[in-house]
Amino acid sequence: MVNIAIFVSGNGSNCENIIRHFAISDVARVALVVSNRADAFALVRARNLGVPAITLSKADFANQEYTLKVLDSYGIGFVVLAGFLMMVPGYLISHYHLKMVNIHPALLPKYGGKGMYGHHVHEAVKANGEAETGITIHYVTEECDGGDILFQSRVAVAPDDSPQDIEAKVHELEMRDFPLVIEKLISKI
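Throughout, the working numbering is defined as the position within the sequence shown, counted from one, plus 33.
Please keep in mind that the hints were generated in silico from the structure rather than gathered at the bench. All values reported here derive from a predicted model rather than from experimental measurement. Note that beta-carbon positions come from the ideal geometry of N, C-alpha and C, so glycine has one too. Treat each hint with caution, since some may be false.
Claimed, not checked - The list that follows gives simulated cross-link-like pairs (lysine-lysine, DSBU-like), each with its CA atoms no further than 30 Å apart:
1) 147 x 159
2) 132 x 221
3) 202 x 143
4) 132 x 91
5) 132 x 217
6) 221 x 102
7) 147 x 102
8) 147 x 132
9) 217 x 202
10) 143 x 91
11) 102 x 91
12) 143 x 221
13) 147 x 91
14) 217 x 147
15) 217 x 143
16) 102 x 132
17) 202 x 147
18) 202 x 132
What the hints assert, rightly or not - With beta-carbon atoms standing in for the labels, derived distance ranges:
19) 156 x 34: 24 to 30 Å
20) 205 x 82: 18 to 24 Å
21) 120 x 62: 25 to 31 Å
22) 198 x 34: 17 to 23 Å
23) 161 x 53: 18 to 24 Å
24) 217 x 93: 28 to 34 Å
25) 179 x 95: 19 to 25 Å
26) 152 x 187: 16 to 22 Å
27) 108 x 146: 29 to 35 Å
28) 98 x 119: 15 to 21 Å
Work out the full structure, taking the sequences as your base and the hints as a guide.
The structure is reproduced here in structure tokens:
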């Protein structure tokens with residue numbers, strides 16, 4: 034059984050979905066939710082589902098010994114970024130080499146990189162008249178949205194779709210595919 038840590042910065046709908054998925058899994062379980070923001074609603078969602086949830090500040094993340102000690106105390110073997118809006122320190126990427134993934138709300142390499150998250154991505158997809166968008170699940174590297182792509186799922190964008198419509202379509206893909214891809218990756222460890 035692999036212990037997963039989910040790193041989040043915001044609302045946490047993906048986080049909750051992943052927790053619920055792995056609550057009945059014999060492959061892994063979510064053992065910890067970590068946020069860089071004390072006001073992230075994802076922390077409330079996690080606690081309501083009985084998962085320990087903590088805040089680590091930017092200074093905490095800068096302290097390699099402290100952060101690794103915290104993660105090790107929960108026996109973390111795999112890290113999932115689900116709307117985590119802070120660059121992950123290099124030591125964590127090395128420590129969880131090929132055991133840390135991120136989800137991006139577009140078809141990378143399009144609409145990736147600094148500043149491209151959430152509604153910014155969907156607004157750009159709309160502004161550029163894209164016929165499709167989707168999600169990308171990739172390994173985390175020190176390059177923002179630059180790790181090897183593990184999975185992509187696509188959805189059509191209608192000419193009259195608003196950025197909010199696009200976001201809803203992408204969110205459906207996230208809910209459906211992200212936990213399954215995580216489970217498949219962990220089962221290969």
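Tested hints:
The hinted pair formed by residue 147 and residue 159 meets the criterion: a straight-line CA distance of about 19 Å does not exceed 30 Å. Taken as a hint, the residue 132 and residue 221 pair is honoured in the structure, with Cα atoms around 11 Å apart against an allowance of 30 Å. Between residue 202 and residue 143 the alpha-carbon distance is near 17 Å, which keeps this suggested pair within the 30 Å criterion. The hinted pair formed by residue 132 and residue 91 meets the criterion: a straight-line CA distance of about 22 Å does not exceed 30 Å.
A C-alpha spacing of about 12 Å is found between residue 132 and residue 217, which places the hinted pair at or below 30 Å, so the restraint holds. In summary, the hint linking residue 221 to residue 102 is supported, as the alpha carbons are separated by about 25 Å, within the 30 Å threshold. Taken as a hint, the residue 147 and residue 102 pair is honoured in the structure, with Cα atoms around 29 Å apart against an allowance of 30 Å. Annotation: proposed proximity of residue 147 to residue 132 holds, straight-line Cα distance about 22 Å (limit 30 Å).
With a CA separation close to 23 Å, the supplied pair residue 217 and residue 202 stays within the 30 Å bound. Note on residue 143 and residue 91: the hinted pairing holds, with a Cα-Cα distance of about 28 Å set against a maximum of 30 Å. Of the supplied pair hints, the one linking residue 102 and residue 91 holds, its CA atoms being roughly 16 Å apart against a limit of 30 Å. Between residue 143 and residue 221 the CA atoms are separated by roughly 28 Å; this keeps the pair inside 30 Å, and the hint holds.
A C-alpha spacing of about 17 Å is found between residue 147 and residue 91, which places the hinted pair at or below 30 Å, so the restraint holds. Between residue 217 and residue 147, the direct Cα distance comes to roughly 28 Å. Compliance with the 30 Å bound is thereby established for this hinted pair. Distance check on the hinted pair: residue 217 and residue 143 sit about 25 Å apart at the alpha-carbon level, within 30 Å; holds. For the proposed pair residue 102 and residue 132, the alpha carbon gap of about 17 Å is at most 30 Å, so the pair holds.
The suggested pairing of residue 202 with residue 147 holds, with an alpha-carbon distance near 23 Å, which does not exceed 30 Å. For the hint pairing residue 202 with residue 132, the CA-to-CA distance comes to about 28 Å; that is within 30 Å, so the pair holds. The hinted window of 24 to 30 Å between residue 156 and residue 34 is violated, with their beta carbons roughly 41 Å apart. For residue 205 and residue 82, the Cβ-Cβ distance of about 21 Å falls inside the hinted range of 18 to 24 Å, so the restraint holds.
Taking 25 to 31 Å as the suggested C-beta distance range, the pair residue 120 and residue 62 conforms, at roughly 27 Å. Range check, residue 198 to residue 34: about 39 Å between beta-carbon atoms, so the 17 to 23 Å window is missed. In this structure, residue 161 and residue 53 break the distance hint of 18 to 24 Å, their C-beta atoms being roughly 34 Å apart. A C-beta distance of roughly 31 Å is found between residue 217 and residue 93, which places it inside the suggested range of 28 to 34 Å.
Between residue 179 and residue 95 the beta carbon distance is about 21 Å. The supplied range of 19 to 25 Å therefore holds. Under the hint 16 to 22 Å, the C-beta atoms of residue 152 and residue 187, about 20 Å apart, fit the expected range. A beta carbon spacing of about 33 Å between residue 108 and residue 146 agrees with the range 29 to 35 Å that was offered as a hint. For the pair residue 98 and residue 119, the beta carbons lie near 19 Å from each other, so the given range of 15 to 21 Å is met.
Hints 19, 22 and 23, counting from the list given before, are not met by this structure.
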